[in-house]
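S.K.: Please work from the sequences and hints to get the whole structure.
Here are the chains, one letter per residue:
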Amino acid sequence: MVGPTQLIGINISVGDHVTRKLGPLTVNMDIIWATVVAGLVVVTLGLVLRSRATSGVPGKFQLLWEFLVGAVQKQVDDSIGPRGAKVVPLALTLFVFIFTCNLFEVLAIGSKLEWLPAPTSDINLPLAMALTVIVLVHRAAIKNRGLAGYLKHYFAQPFPPKLFFINGFMNIIEELVRPVTLTLRLFGNLFAGGLMLSLLAALVIWKLGPAPIGAILSMPFTVVWKLFDMAIGAIQAFIFALLTILYFDTAMAPDEAH
Amino acid sequence: MTLATSNFLVPNGTFIVVLLAFLVVLGVIGRFVLPRLNTVLTERQEQIRGELEAADRAKADAEEADTERRAMLEQARAQAREIVAHAQATADGIVTAAQAEGQAVHDRIVQAADAEVVIARQAAAEELTARVGEIVLAAAEQVIGREISADDHRDLIDQAIAAVRAESEGAATAGSARSSR
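Those sequence lines, one after another, are chains H and Y. Quick note, in my numbering, the first sequence goes up one by one and the last residue is 258. Quick note, in my numbering, the second sequence goes up one by one and the last residue is 181.
Worth flagging that the hints you see were computed from the coordinates, not collected in a lab. Predicted model, so just to flag it, every value in this text is computed and none were measured. Any given hint might turn out to be false.
Stated by the list, open to error - Cβ pair distances, simulated, as ranges:
id, chain 1, residue 1, chain 2, residue 2, range
1, H, D77, Y, M72, 33 to 39 Å
2, Y, E51, H, K112, 20 to 26 Å
3, H, G59, Y, A71, 46 to 52 Å
4, Y, E51, H, T26, 28 to 34 Å
5, H, K60, Y, E51, 56 to 62 Å
6, H, L242, Y, E63, 32 to 38 Å
Unchecked claim - Computed footprint of chain H on chain Y; a stretch qualifies when at least three of its residues, placed anywhere within it, have a C-beta under 8 Å from a C-beta of chain H:
id, segment
7, 10-22
8, 41-54
9, 107-119
For each residue, glycine too, the CB sits at the ideal point set by N, CA and C.
M.R.: Now the structure itself:
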């Protein structure tokens, strides 16, 4: 008799990729492939918009873009104000690109290797985006306050200058943690989503005698999970873009604001 | 191409490639897509603003025309009233003048009639006095039985005529005063 206990025995491995050596570096070809496809999708959608955009009555496609840009613009205006105009392209690209990548999870079947895995379920892409954001945030902070002001800022708040040591300690920890949390939040959500699909796929082997209970249950569970996962993908893309805007806000805010 | 299981929390060379891919996407969106979309949005904003301004202008024009129309209507009404008032005044003037003329004609006729009456009475009186002398003389001749020379008693006759005339003139003056009233 095959029972539920056997499920526990299933070996679901993580971090499996099609890899290739590029000199001293190992690259995950499936992730690169999926990233390029996602990038092509976004770039194509963007270029189609560019060629079709009209100042007259917009179509649904253009309206969707306008809605996205309008939402990002409003968020930036509300948080940073007019100075934040340069953040809009970054935040918009992050949202659209991450959302597209996350949607690839809908195509996943929970196997060891996917044809088109969500590139955000691998740590490299979230890390690349998070570091891009953090580097640009620090650059904006230095531009805003000057190098001296930028360095002084770490020790001048949130407590009175007498406690500069504590201020510096807290701020440096915060700055170091930011890229890590930004990366792991996105990666963890998508990685867990993929893992969930693997678990649901593994359910298939659960049989009660000849009755394929697991196979029957697996299908509705997978459908429900994928719908839920799409929402998670949208939310994570939104959070990543929103946090980017907020980090720029703290970097570009005048000192008195703290 | 190999299949490998590695620590999924440790980034590897993939990082560089996907970073480049992301930067390319960012560049395309930031340089080609977003500016175009912003241009389009600004253009549309301008169009809508222009249309709203045109609508405002048209509305203002219509209001101005309406005000003008009302003013002209009011002016026309005032003119009409003036014309009617003028016509009324003219009509009143004509009526008054006609009445005055009528009164004058009437007065003239009455005066002429009065004058004729006076003249007729005087003529009658003259004739009467002339005849009275003759009648008195004839009567007196018969009474005394002989001819009386009118020349001999001229003084007496004249006195009698004067008395009669004075009497008749007093009656004529009273008559004319009554008729002119």
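S.K.: Next, verify each hint and record whether it holds.
M.R.: Going down the list of hints, with the structure as the test:
1. H:D77 / Y:M72: 33 to 39 Å: violated, 52 Å
2. Y:E51 / H:K112: 20 to 26 Å: violated, 60 Å
3. H:G59 / Y:A71: 46 to 52 Å: holds, 50 Å
4. Y:E51 / H:T26: 28 to 34 Å: Distance hint for E51 (chain Y), T26 (chain H) is violated at roughly 60 Å.
5. H:K60 / Y:E51: 56 to 62 Å: The hinted range 56 to 62 Å is violated for K60 (chain H) and E51 (chain Y), with Cβ atoms some 23 Å apart.
6. H:L242 / Y:E63: 32 to 38 Å: Check failed, 49 Å falls outside 32 to 38 Å.
7. 10-22: holds (count 12)
8. 41-54: holds (count 4)
9. 107-119: violated (count 0)
Consistency note: the structure conflicts with the earlier hints numbered 1, 2, 4, 5, 6 and 9.
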